[in-house]
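**Student:** As a plain string of letters, each chain reads:
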Amino acid sequence: MSGIEITNLRKSFGNVKAIEEMTLTIPNGVFCVILGPSGCGKSTMLNCVAGLEDVTSGTIKIGGRDVTNLPPHARDIAMVFQSSLLYPHLTALQNVRMSLKNSDTGAVEAKRRIDHAVGILEIASVLDKKPGAMSGGQRQRVAMAKAIVRNPTAFLMDEPLAALDAALRQSLRPELAALQRQLGTTTIFVTHDQVEAMTLGDLIVVMNDGRVEQIGTPDEIYNNPATKFVAAFIGSPPMNFFEGQVEDLNNGPALRTQYGPIAIPRHLFDRMGGRAHSLGVRPQHIDINRTKTDGSIPGTVFAIENLGKESVIILHDTAGHDYRVLVGPDHGYSVGESTYMCPDLSQAHLF
Amino acid sequence: MRRTSLSLGLAALVAVIWTLLPIYWILKTAFIAPVDAVAFPAPLWPSNPHFAAVHNIFGFGYTDADGREFLPAGQSKQVINGLKNSVIVAFFVTIITLLIIVPLSYAFARFEFRGKTALLMAILFSVAVPPVSTLIPFYILFVKLGLTGTALGLIIINLTITVPFVTWMLIGYFRNLPAVEPLARVDGFSRLSTLIFIVIPMARSGIAVAAIVSFLFAWNEFVFATQLVNGTPAATLPTAVSGFLFLQPQPGLLSASLWISIIPAALVAFFLQRHIAEMNLVEPVK
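As you go down the protein sequences, you meet chains A and B in turn.
Read in order, the letters of the first sequence correspond to residues 2 to 352 in this note's numbering.
Read in order, the letters of the second sequence correspond to residues 359 to 644 in this note's numbering.
If you want the ones that stay clear, here's a sample from chain B, every Cβ over 10 Å from chain A, calculated:
#, residue
1, 373
2, 400
3, 418
4, 467
5, 489
6, 490
7, 498
8, 504
9, 530
10, 553
11, 609
12, 633
Ranges of calculated distance between the beta carbons of each label pair, as one might list FRET restraints:
#, chain 1, residue 1, chain 2, residue 2, range
13, A, 62, B, 554, 28 to 36 Å
14, A, 224, B, 482, 53 to 61 Å
15, A, 128, B, 384, 49 to 57 Å
16, B, 627, A, 109, 43 to 51 Å
Don't read these hints as lab results, they were simulated from the structure.
Only a predicted model underlies this, so the values are computations on that prediction, with no experimental measurement involved.
The beta-carbon is built from N, C-alpha and C at its ideal position, and this holds for glycine as well.
With the sequences and hints as input, model every part of the structure.
**Tutor:** Pasting the structure below:
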């Protein structure tokens, strides 16, 4: 059985295009993360799948059934909203029950499902509490229980962890992943947090400005970013970009920068040719030295962020661009020092 | 910290005395003998409780311990009739106000539609207009429609004040509630059933406060009542009580009738005060 199929989805609000064109197939049981900056259309896309927004054109199939024109509750989905929204005036148990109130689930079956969900999520102790009296983590669990009892074909989650503090988010992430694996339910999870995307997703869809930038596994997205946007958005600290003009010179292809040419491996050049104008290198793939070497780029240490086991050195070139370099704890550099960056070109990307 | 709580306590004490002392003064007068009521200095406390006034005002005679007989008050009929009319007017004003304002302010808080700002301004404007300025036009209109001297006319004119005022108040309250509508849609509620089964229970504090405000306004309303129903069988309690002002001084009866006008309002406020606190203090869970 197929999970979720989105074909040529478009969504406009008046003249504003929220989603330009999106085609996405999520196989059954896959945890798919939609990642993008705020305003990129990811929540709109989720609302279209949920049926909370009408699509402008395109079709949406859930479990092989065309649901494009069905109301939300007829789509066989369950949704967890931003900040794990619950009805504030109802207890946890009443909140969970609301999921089944308008369905034709019998009383016995409803009780069985609720008991099951309460057991899995270990929320028996908060069943009589209202959301206001629960912790963020408990609200999250109740919202999940509310979703599970529907026994849906797909879970839709709209930044459910966004409002929680960092420590709690970190502990809930693996739980959420484990729960999804255990239930095997196809899931779309919307977030702007790349760490959530990388740790939770079987499949990541990177969106920007209403367009899909790349669809792939976390490894593919990180190691083979399809566009400069994806390269810049994924990874922390972010990728560095050296700007210039790519040309095929006598002694091989190179990026012509204001500091002289940087040689580019032939296989990269062959893929992009002369259209490329930036060379992307991740912070861990740049060496810095105090002495100038062939193809090195000068930079002044602007700031040093000590992360304990490693440090991020932030360099400025003469034009004021930022470059981040990951170094070991005993780097010995200090702010204001002049250095030279040597990118490891075998790990570079052209855009 | 200690100093803050001390000055806060003092301020609260002054505020309580400021508001409650005059009310206490009037209310205690209902329980003292007419002789004591005009004594100087006046007694601070009804040390010699005397129950003639509270009997007389309801139309019962009373004989006190000294064997003096107090006849039923001549105004008792008007007072009791006024009480009945006030209950009717305040009850219907409250119910009709709620029926109108709950969907109205919910729509203003949650939906975008053409002319919304203009309508909001119109509501604000009708709150800002001094009620007295509409009194004469309304009076002429009501005379032509035959609505003077009727409870219906008074209910209508009360609604023109309570509806805009309470709508304006509730819009802000609804806006602050968490947006559970998408949640309700996924749970299979239609727009109407979301309002009835989710939003109204969720907003019960705000709606209760709206009810208090409407009830108290209609209960206390005096200016319109004086013009439209005074001296008719539809006269409300405030106009009936005001009748005492033009007679020979009977402080005991006046005070007793004030008790009647204060008690129901105080009861309403007392039983719904939890909601006033909830509406103002508890931040809704987002």
